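K.L.:
Below, each chain spelled out in residue letters.
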Amino acid sequence: MADDGARMATTHQRHTRARLGAQTAQPLRRRGSLLAELYRSAVGKKYAMAISGLVLMVYVLLHLAGNLKLYAGAESMNAYAAWLRVMGEPVLPEGGALWAVRVILIVAVIVHIAAAAQLTAMNRADFASRTMRWSGVIVGLFIVYHLADLTFGWLNPNPDFAHGSTAYGNVVASFSNPVVAGLYIVANLALGLHLYHGAWSLFQSMGWSNPAVKPWRRGFAIAFAVVVAAGNISFPIAVLTGAVA
Amino acid sequence: MDLTLRIWRQDGPESPGGFVTYQVTGVSADASFLEMLDLLNEQLTEAGDEPVVFESDCREGICGTCGLMVDGKPHGPWEAAAVCQLHMRAYADGDMITVEPWRADAFPVIRDLVVDRSPFDRIIEAGGYISVPTGAAPDANAIPVAKETADEAFEGAVCIGCGACVAACPNGAAQLFTAAKIAHLNLLPQGQPERDARTADMVDTMEQFFGSCTNHAECQAACPKNISIDLIAMMNRDYARAKLRRRGGGAMT
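Those protein sequences? They're chains R and Y, same order as listed.
For the first sequence, our numbering assigns the number 1098 to the initial residue and increments by one for each residue that follows.
For the second sequence, our numbering assigns the number 18 to the initial residue and increments by one for each residue that follows.
Read the hints as simulated data drawn from the structure, not as lab findings.
Don't take each hint at face value.
[Stated by the list, open to error] Cβ-to-Cβ under 8 Å is the rule here; a few derived chain Y residues that face chain R:
{"#": "1", "residue": "LEU205"}
{"#": "2", "residue": "ASN253"}
{"#": "3", "residue": "ALA257"}
{"#": "4", "residue": "LYS260"}
{"#": "5", "residue": "LEU261"}
[What the hints assert, rightly or not] Covered stretches of chain Y, going by a simulated chain R footprint (3 or more residues, C-beta under 8 Å):
{"#": "6", "segment": "152-165"}
{"#": "7", "segment": "217-225"}
{"#": "8", "segment": "244-252"}
Here the structure is a predicted model, which means the values were calculated and not measured.
C-beta: ideal position from N, C-alpha, C; glycine also.
With the hints as constraints, model all of the structure from the sequences given.
P.N.:
So, in structure tokens, the structure goes:
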């Protein structure tokens, strides 16, 4: 107890000294270094995860919305794919807007993974729902395959693969293989789980807990995850069952 | 009723521990869980054995001194109750109960069921107070506080600092404890002048000792005071604001 008392006294003196000096002695810092200081903490890294995750959530929803053109037929889908390359013209050069989006996505993915890795290292033991880790890894590996398949065309079985004009044929050719279709289905189930925990965590990490938002958080997370996962899974199923050919 | 107890015995922080099985006889259904342990210790003492070391003080759920893992659940099976408020009518004759100390990196076992929770003290020292000039107590109504605000602050103030949140967390994080202590002061007018410094310093101190939050909400489920993880969201928001608004280091450390 005596020991405790002595420590309290010194702590209190330290506080008093610091309070007297702090307001005048500290130099003004630039906002950049304040952000860096915020990022140094685990709470700050969670902000980085939440904001990059939000960017990716918006993208994944737009991606789904665009892909629904698959149900409008080959012409509609291919025209949409071609438009992605010229959107923003004439203000932007061809492919300009597309590349801007790609750069934003690449940065978001890097931030998301880097923050996750650093949090894991900080926590030593068990960062994240185990679910988040394996679902994140599955989604990450899937994206690599997905890009090689439908963006770059390296692994796409469509003999007529061409950038920006044969999207419909590329998708149908790819999903006609049951193994590939199964891979897409499994990956999107993992994405659904990842989005469910992620969309809910977003509110918590960003500190959005005001009474207007509170009752909607869980429902929003479930709805978002189900819409994205079910929408994406419907494409390989539609191709496999011959609804889209 | 007669019960079989599997209790964690450990001589000190460095010595290895293990479960030891005991029989306790003649337990009343009206006894509290801690009274049952008292009875066990009487029976152990009579038999010439070392009694089991555990902590308790108020035994009415307001001091936060007691805290045991009972069958893997912090404070046992009852919701919103500290282990001292758990009564033996929750059990039946012949039951086996496993009793462990809190398991967390930041809380080393001192002996048997007692852990060192002093990292909580470090967090409080970092900013869990308001600085006021000493002297005569101010009038109770000198600073008006809205009823809603008082209620919200009270939701944080009910934290008894038992450590169940840390023990329940898969990351051994102290987010719920720290958030409750911060919310209690940050919501009241008296807490405003030091709001930014308090939040930044308490969170930074917390992160020195504990893991970080991954939104499992296990802490909320374990809390004997039913404190909501909404307070953690509030702490996150206050922390970002504090870090981005402050010009330099902590005013409180």
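K.L.:
None of the hints should be skipped; say for each whether it holds.
P.N.:
Results of checking the hints against the structure:
1. A distance limit of 8 Å between C-beta atoms decides the matter here; for LEU205 of chain Y the minimum to chain R is near 18 Å, and the interface restraint is violated.
2. Satisfaction of the interface hint for ASN253 of chain Y is found here, the shortest Cβ-Cβ separation to chain R being roughly 4 Å, below the 8 Å cut-off.
3. A cut of 8 Å between beta carbons decides the hint on ALA257 of chain Y: the least distance to chain R is about 6 Å, and the hint holds.
4. Given the 8 Å rule on beta carbons, the hint for LYS260 of chain Y holds: about 4 Å separates it from the nearest Cβ of chain R.
5. Given hint, LEU261 of chain Y at the interface with chain R, holds; its Cβ is 5 Å from that chain's nearest Cβ, closer than 8 Å.
6. Counting residues of the segment 152-165 of chain Y whose C-beta sits closer than 8 Å to any C-beta of chain R gives 0, which falls short of three, so the coverage hint is violated.
7. Counting residues of the segment 217-225 of chain Y whose beta carbon lies closer than 8 Å to any beta carbon of chain R gives 3, which meets the minimum of three for the stated coverage.
8. With 6 residues bearing a CB less than 8 Å from a CB of chain R, the segment 244-252 of chain Y meets the requirement of three and the coverage assertion stands.
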